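Trainee: Sequence:
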Amino acid sequence: MPPSPAPAPPPPASGLLSREALGFWFLGLGALGLVRAWMRATRHGGFATDTVSLLWLVGSAVLVVVGAVRIWRALRSARR
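Residues in the sequence shown are numbered from 1 upward in steps of one, following my numbering.
Hints may contain errors.
[Said to hold, decoys possible] Estimated spans, in silico, between C-beta atoms of each pair:
id : residue 1 : residue 2 : range
1  : 3         : 66        : 46 to 52 Å
2  : 22        : 49        : 43 to 49 Å
3  : 49        : 29        : 17 to 23 Å
4  : 22        : 45        : 33 to 39 Å
5  : 65        : 3         : 36 to 42 Å
6  : 79        : 35        : 28 to 34 Å
7  : 7         : 35        : 42 to 48 Å
8  : 79        : 59        : 28 to 34 Å
9  : 3         : 62        : 49 to 55 Å
10 : 72        : 14        : 15 to 21 Å
11 : 36        : 5         : 23 to 29 Å
12 : 49        : 16        : 32 to 38 Å
13 : 51        : 9         : 48 to 54 Å
14 : 49        : 69        : 24 to 30 Å
By construction, these hints were calculated from the structure, which means they are not laboratory data.
What you are looking at is a predicted structure, and each value in this text was computed from that prediction instead of being measured.
Ideal Cβ positions, reconstructed from N, Cα and C, are used throughout, including at glycine.
Given only the sequences and the hints, what does the whole structure look like? Please build it.
Mentor: As C-alpha cells, then:
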C-alpha cells in the first residue's frame, strides 16, 4: 500500500490583525497603561505625579508609539 501524501500547508494569513497582532497588543497595553498612569496621577485630585507614575506614563507612551509604528509600517507595506 503506497504512503498517503502529506497534507498541504495552510495558506498564509493575509489580514492586518493576524499579520500585526504584536503591534495591536503593544498598542492596547500602552493605552491601558496610559489610563492607569492617569488614574494614579489624579488619585487625590489634581495632577500630582511621583516617580512610579512618571515611569508608568513614559513606558506606556513608548508602547503606544511602538505599536502604532508597527501597524503603520504593516499598512504601508500592504499598499505596495
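Trainee: Confirm or reject each hint.
Mentor: These are the hints, each one checked on the structure:
{"no.": "1", "hint": "3 with 66: 46 to 52 Å", "in the structure": "47 Å, holds"}
{"no.": "2", "hint": "22 with 49: 43 to 49 Å", "in the structure": "29 Å, violated"}
{"no.": "3", "hint": "49 with 29: 17 to 23 Å", "in the structure": "20 Å, holds"}
{"no.": "4", "hint": "22 with 45: 33 to 39 Å", "in the structure": "38 Å, holds"}
{"no.": "5", "hint": "65 with 3: 36 to 42 Å", "in the structure": "52 Å, violated"}
{"no.": "6", "hint": "79 with 35: 28 to 34 Å", "in the structure": "32 Å, holds"}
{"no.": "7", "hint": "7 with 35: 42 to 48 Å", "in the structure": "45 Å, holds"}
{"no.": "8", "hint": "79 with 59: 28 to 34 Å", "in the structure": "31 Å, holds"}
{"no.": "9", "hint": "3 with 62: 49 to 55 Å", "in the structure": "53 Å, holds"}
{"no.": "10", "hint": "72 with 14: 15 to 21 Å", "in the structure": "18 Å, holds"}
{"no.": "11", "hint": "36 with 5: 23 to 29 Å", "in the structure": "53 Å, violated"}
{"no.": "12", "hint": "49 with 16: 32 to 38 Å", "in the structure": "35 Å, holds"}
{"no.": "13", "hint": "51 with 9: 48 to 54 Å", "in the structure": "51 Å, holds"}
{"no.": "14", "hint": "49 with 69: 24 to 30 Å", "in the structure": "26 Å, holds"}
In summary, the structure is inconsistent with hints 2, 5 and 11 from the numbered list given earlier, while agreeing with the others.
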